[in-house]
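Engineer: Each chain, written out:
4 protein chains.
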Amino acid sequence: MEDVQSGAPQVAVSIDKVGVRHLRVPLWVRDRTNGRQQTVATVDMGVELPSAFKGTHMSRFVAALDTWNEEIDYYSIKSLLQDVKKRLEARKACVVIRFPYFIRKPAPASGITSTVAYQCCLTGELGEGKMEFLLELDVPVMTVCPCSKAISNEGAHSQRTMVHLAVRMSGFAWIEEFITIAESSGSSPVYSLLKREDEKYVTEDAFAHPCFVEDVVRNVAVQLQEHKHVTWFTIEVESMESIHNHNAFACIERTVR
Amino acid sequence: MEDVQSGAPQVAVSIDKVGVRHLRVPLWVRDRTNGRQQTVATVDMGVELPSAFKGTHMSRFVAALDTWNEEIDYYSIKSLLQDVKKRLEARKACVVIRFPYFIRKPAPASGITSTVAYQCCLTGELGEGKMEFLLELDVPVMTVCPCSKAISNEGAHSQRTMVHLAVRMSGFAWIEEFITIAESSGSSPVYSLLKREDEKYVTEDAFAHPCFVEDVVRNVAVQLQEHKHVTWFTIEVESMESIHNHNAFACIERTVR
Amino acid sequence: MEDVQSGAPQVAVSIDKVGVRHLRVPLWVRDRTNGRQQTVATVDMGVELPSAFKGTHMSRFVAALDTWNEEIDYYSIKSLLQDVKKRLEARKACVVIRFPYFIRKPAPASGITSTVAYQCCLTGELGEGKMEFLLELDVPVMTVCPCSKAISNEGAHSQRTMVHLAVRMSGFAWIEEFITIAESSGSSPVYSLLKREDEKYVTEDAFAHPCFVEDVVRNVAVQLQEHKHVTWFTIEVESMESIHNHNAFACIERTVR
Amino acid sequence: MEDVQSGAPQVAVSIDKVGVRHLRVPLWVRDRTNGRQQTVATVDMGVELPSAFKGTHMSRFVAALDTWNEEIDYYSIKSLLQDVKKRLEARKACVVIRFPYFIRKPAPASGITSTVAYQCCLTGELGEGKMEFLLELDVPVMTVCPCSKAISNEGAHSQRTMVHLAVRMSGFAWIEEFITIAESSGSSPVYSLLKREDEKYVTEDAFAHPCFVEDVVRNVAVQLQEHKHVTWFTIEVESMESIHNHNAFACIERTVR
Numbered sequence: 028m029e030d031v032q033s034g035a036p037q038v039a040v041s042i043d044k045v046g047v048r049h050l051r052v053p054l055w056v057r058d059r060t061n062g063r064q065q066t067v068a069t070v071d072m073g074v075e076l077p078s079a080f081k082g083t084h085m086s087r088f089v090a091a092l093d094t095w096n097e098e099i100d101y102y103s104i105k106s107l108l109q110d111v112k113k114r115l116e117a118r119k120a121c122v123v124i125r126f127p128y129f130i131r132k133p134a135p136a137s138g139i140t141s142t143v144a145y146q147c148c149l150t151g152e153l154g155e156g157k158m159e160f161l162l163e164l165d166v167p168v169m170t171v172c173p174c175s176k177a178i179s180n181e182g183a184h185s186q187r188t189m190v191h192l193a194v195r196m197s198g199f200a201w202i203e204e205f206i207t208i209a210e211s212s213g214s215s216p217v218y219s220l221l222k223r224e225d226e227k228y229v230t231e232d233a234f235a236h237p238c239f240v241e242d243v244v245r246n247v248a249v250q251l252q253e254h255k256h257v258t259w260f261t262i263e264v265e266s267m268e269s270i271h272n273h274n275a276f277a278c279i280e281r282t283v284r
Numbered sequence: 028m029e030d031v032q033s034g035a036p037q038v039a040v041s042i043d044k045v046g047v048r049h050l051r052v053p054l055w056v057r058d059r060t061n062g063r064q065q066t067v068a069t070v071d072m073g074v075e076l077p078s079a080f081k082g083t084h085m086s087r088f089v090a091a092l093d094t095w096n097e098e099i100d101y102y103s104i105k106s107l108l109q110d111v112k113k114r115l116e117a118r119k120a121c122v123v124i125r126f127p128y129f130i131r132k133p134a135p136a137s138g139i140t141s142t143v144a145y146q147c148c149l150t151g152e153l154g155e156g157k158m159e160f161l162l163e164l165d166v167p168v169m170t171v172c173p174c175s176k177a178i179s180n181e182g183a184h185s186q187r188t189m190v191h192l193a194v195r196m197s198g199f200a201w202i203e204e205f206i207t208i209a210e211s212s213g214s215s216p217v218y219s220l221l222k223r224e225d226e227k228y229v230t231e232d233a234f235a236h237p238c239f240v241e242d243v244v245r246n247v248a249v250q251l252q253e254h255k256h257v258t259w260f261t262i263e264v265e266s267m268e269s270i271h272n273h274n275a276f277a278c279i280e281r282t283v284r
Numbered sequence: 028m029e030d031v032q033s034g035a036p037q038v039a040v041s042i043d044k045v046g047v048r049h050l051r052v053p054l055w056v057r058d059r060t061n062g063r064q065q066t067v068a069t070v071d072m073g074v075e076l077p078s079a080f081k082g083t084h085m086s087r088f089v090a091a092l093d094t095w096n097e098e099i100d101y102y103s104i105k106s107l108l109q110d111v112k113k114r115l116e117a118r119k120a121c122v123v124i125r126f127p128y129f130i131r132k133p134a135p136a137s138g139i140t141s142t143v144a145y146q147c148c149l150t151g152e153l154g155e156g157k158m159e160f161l162l163e164l165d166v167p168v169m170t171v172c173p174c175s176k177a178i179s180n181e182g183a184h185s186q187r188t189m190v191h192l193a194v195r196m197s198g199f200a201w202i203e204e205f206i207t208i209a210e211s212s213g214s215s216p217v218y219s220l221l222k223r224e225d226e227k228y229v230t231e232d233a234f235a236h237p238c239f240v241e242d243v244v245r246n247v248a249v250q251l252q253e254h255k256h257v258t259w260f261t262i263e264v265e266s267m268e269s270i271h272n273h274n275a276f277a278c279i280e281r282t283v284r
Numbered sequence: 028m029e030d031v032q033s034g035a036p037q038v039a040v041s042i043d044k045v046g047v048r049h050l051r052v053p054l055w056v057r058d059r060t061n062g063r064q065q066t067v068a069t070v071d072m073g074v075e076l077p078s079a080f081k082g083t084h085m086s087r088f089v090a091a092l093d094t095w096n097e098e099i100d101y102y103s104i105k106s107l108l109q110d111v112k113k114r115l116e117a118r119k120a121c122v123v124i125r126f127p128y129f130i131r132k133p134a135p136a137s138g139i140t141s142t143v144a145y146q147c148c149l150t151g152e153l154g155e156g157k158m159e160f161l162l163e164l165d166v167p168v169m170t171v172c173p174c175s176k177a178i179s180n181e182g183a184h185s186q187r188t189m190v191h192l193a194v195r196m197s198g199f200a201w202i203e204e205f206i207t208i209a210e211s212s213g214s215s216p217v218y219s220l221l222k223r224e225d226e227k228y229v230t231e232d233a234f235a236h237p238c239f240v241e242d243v244v245r246n247v248a249v250q251l252q253e254h255k256h257v258t259w260f261t262i263e264v265e266s267m268e269s270i271h272n273h274n275a276f277a278c279i280e281r282t283v284r
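Chains as they are written, first to last, in the numbering used here: chain W, 28 to 284; chain S, 28 to 284; chain D, 28 to 284; chain V, 28 to 284.
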């Protein structure tokens with residue numbers, strides 16, 4: 028059968044990335060507490076395509092992912108990309124893996140544990156040299172408004188606020204390290220299971236630490252700047268304001284070293 | 028050219044609804060304050076198809092919508108459905124129109140006005156007799172947790188809470204009537220524009236009226252039961268709990284008369 | 028500490044359902060081929076609340092789900108609901124579990140296998156008697172347009188088409204049975220991994236079986252009516268028409284016995 | 028009342044962008060055919076915040092948008108940003124406006140016209156000098172697979188394919204120019220209303236011009252490179268493959284001059 032893809036294109040332009048998107052697969056991911064945990068991932072994969080070829084061979088991405096039976100981490104992503112480069116005879120390959128990461132988290136007063144899910148995304152890009160590696164993470168926190176607290180006779184509006192991190196690193200760090208950084212930067216962490224004594228604790232703790240999205244983004248920035256492996260980051264904090272039907276946001280991007 | 032649709036199907040089963048979905052068009056909608064307002068709608072349209080015909084004629088829905096140049100209300104939806112029934116020689120037709128409805132709303136202390144958007148959905152179904160008509164509406168409110176307030180030395184968690192109404196009526200009612208019902212049923216309405224004095228007002232008002240999703244759904248239910256035209260309703264209240272990454276919800280469905 | 032929830036409400040109205048939504052947890056699900064498979068689920072849980080109580084105890088849902096360590100099936104959902112009823116002293120409880128279900132599927136010509144994900148949703152409602160149980164399933168297929176094929180000198184437009192099933196049953200059936208029914212009702216099944224010989228096979232097979240959304244919904248309906256355990260179903264077929272930016276759809280709902 | 032925002036932050040870090048997101052408002056947009064058209068927009072607005080201030084004044088964004096009564100174009104966005112900078116005493120301001128843009132489009136054989144919606148996004152960033160301006164546009168097209176066509180005895184799979192453009196310019200260009208570029212780069216444009224003669228035309232035209240996502244992205248790139256005002260672009264083409272439940276994509280980014 029004719030290999031249409033390997034023919035010459037009508038227009039000789041090189042393509043930065045071409046591939047497949049939204050493959051859903053069950054995968055294992057490296058886990059600090061238990062060694063590894065199982066999750067479900069949505070995967071995008073692509074390669075660079077030189078101007079001489081009409082098309083890439085899309086089925087080879089799916090075959091590479093299908094035979095990849097390692098748990099997700101820096102090294103296994105690199106070996107997946109090496110396999111993709113080889114199968115597709117490409118100079119450059121990339122993969123994006125999105126998945127929920129689960130942690131057992133104790134409630135702050137009762138100590139009772141429950142499961143919390145954090146949305147993660149790992150992106151690897153491999154050309155000739157070192158793999159470019161990006162960790163993205165969504166961490167929900169609670170924020171109590173300092174302005175509302177200062178001007179009101181009673182109370183202050185609070186809301187769920189999402190901290191979105193994107194981090195480049197020079198060495199290995201656990202997902203848990205960044206969750207801790209984000210959760211310590213709002214008025215309070217959020218939990219799946221809170222008994223009454225825990226709800227009292229969270230409320231009082233949050234009201235003792237009111238913060239704007241501006242405060243949250245700065246608190247995260249300072250900690251990421253001090254992290255020994257972080258070389259670059261962006262932070263986006265977005266709060267679902269309880270007094271509005273729109274959101275407030277704040278962003279900081281920095282190259283650390 | 029062959030009219031494949033008008034041929035006999037391989038399987039002689041009647042189809043409840045067949046048609047088109049997600050047509051986006053600019054439309055006018057009837058407005059209590061200004062007579063009418065312009066919006067953008069997403070429209071689904073369908074007809075019943077007898078077992079004798081292989082297919083419906085999808086282009087006729089688009090043609091009917093395209094020539095419909097009335098502002099959205101009960102009567103114009105009925106005339107659209109009559110046109111659809113005729114064009115498609117159908118015994119039964121339905122249309123679903125989703126659109127944001129805009130209201131100028133004054134802030135509670137300063138009185139300064141701004142635009143607030145409420146997501147609406149109108150569904151009409153026309154067979155032989157009277158048109159079945161359903162109004163759906165999403166109204167955001169603020170809720171302050173009564174438990175958190177009662178047990179904590181200071182504060183209480185609050186959050187944005189969505190009130191979703193679906194209402195069947197025996198006579199005409201304005202969208203604004205249902206917005207008022209929903210907004211009076213939480214701890215406070217939400218606003219687009221709040222000056223400092225307004226934020227103080229909203230915070231104190233909300234903390235003076237703490238309510239669970241259970242309270243909100245009941246407060247709405249009681250008012251819908253007393254509305255002179257409402258014959259049936261469902262209410263779904265969902266709060267984006269600021270102490271959790273999951274939501275709380277409460278639902279009531281009632282046939283009123 | 029005060030138990031605000033157990034107090035009397037201001038408005039004495041019973042609530043149909045109150046609970047939590049969008050809990051994400053890793054779970055096991057019963058699997059025809061391998062006994063069981065792991066997946067990630069999004070879970071909603073609720074109970075009926077009598078008019079005498081101000082609120083439900085939301086944390087008990089999370090505790091019940093957290094201690095539930097069985098694989099998802101009819102019987103385990105029933106035991107979860109029995110536990111929820113007991114913990115919350117409720118007359119009626121319900122749970123909705125959404126998850127991707129993974130199947131190894133051979134390509135039609137080469138026989139090479141790969142993983143395909145099907146979105147599932149199981150709903151259980153338990154009052155005094157038998158549990159109400161609903162299986163929902165999204166199965167993508169390919170459709171080739173019979174009209175376009177009949178009137179054109181060459182080709183016919185095709186598209187990805189989603190078959191959404193909701194089924195009530197009187198006895199046990201595998202998810203795989205309904206996937207097979209849906210996949211045999213379009214122009215061709217879809218696959219994750221297709222070698223060139225498979226792509227030729229799928230194209231020719233699909234063009235030999237052109238069908239409208241009307242044909243697909245009827246083909247599924249006939250098979251569900253003949254299934255020995257199905258007592259009620261709705262089918263919604265929606266095709267992402269490649270010649271339009273809107274979709275075509277067809278629905279059939281039937282009580283079988 | 029205390030102005031908490033104007034106080035000093037605990038952590039003296041400057042913030043790149045802080046503001047509001049997801050405000051929904053009705054707006055007018057400049058239109059090549061009719062001078063202007065009304066639409067509904069979702070708006071994000073932000074400013075840079077120096078390290079000396081704890082917070083920004085979020086209500087001023089809403090006030091600025093509320094008094095802005097011009098139709099959306101390059102110049103009006105610039106004047107909105109000048110107003111935002113002044114109100115918030117900021118060195119830098121940005122705005123993102125997302126909206127559907129409607130065009131009356133004639134069917135290719137019958138000439139019958141209907142409305143097609145294209146999702147647009149305009150971003151303006153204004154610091155000391157010239158405004159940075161970005162136009163983004165989603166244009167759906169149809170693609171027929173060249174490989175499937177070459178290897179099959181009959182037919183070829185086709186699908187709806189989204190062309191996403193992001194363009195920076197040195198001078199004025201109409202949205203319509205970029206729609207034309209994208210629609211001429213696939214196998215066929217898509218339409219809202221097609222009579223039978225049009226469906227025949229579109230099918231035959233598409234099958235006479237089979238193309239991969241690779242071909243589409245290259246066809247668009249060549250035309251954007253030749254556009255007299257384009258200085259930079261990214262193109263992402265994503266096809267909802269009818270033989271898979273995943274998508275194929277191709278991306279090109281270029282600085283033109």
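In short, the hints are calculated from the structure, not lab data. Treat the hints with care, since some could be wrong.
Identical chains share a label here; the pair holds if one copy fits it or two copies do between them.
Claimed, not checked - Simulated crosslink set (BS3-like; lysine-lysine; CA at most 27 Å straight-line):
| hint | residue 1 | residue 2 |
| --- | --- | --- |
| 1 | 157 | 176 |
| 2 | 176 | 227 |
| 3 | 119 | 227 |
| 4 | 157 | 105 |
| 5 | 176 | 105 |
Engineer: Tell me, which hint numbers fail for this structure?
Structural biologist: 1, 3 and 5
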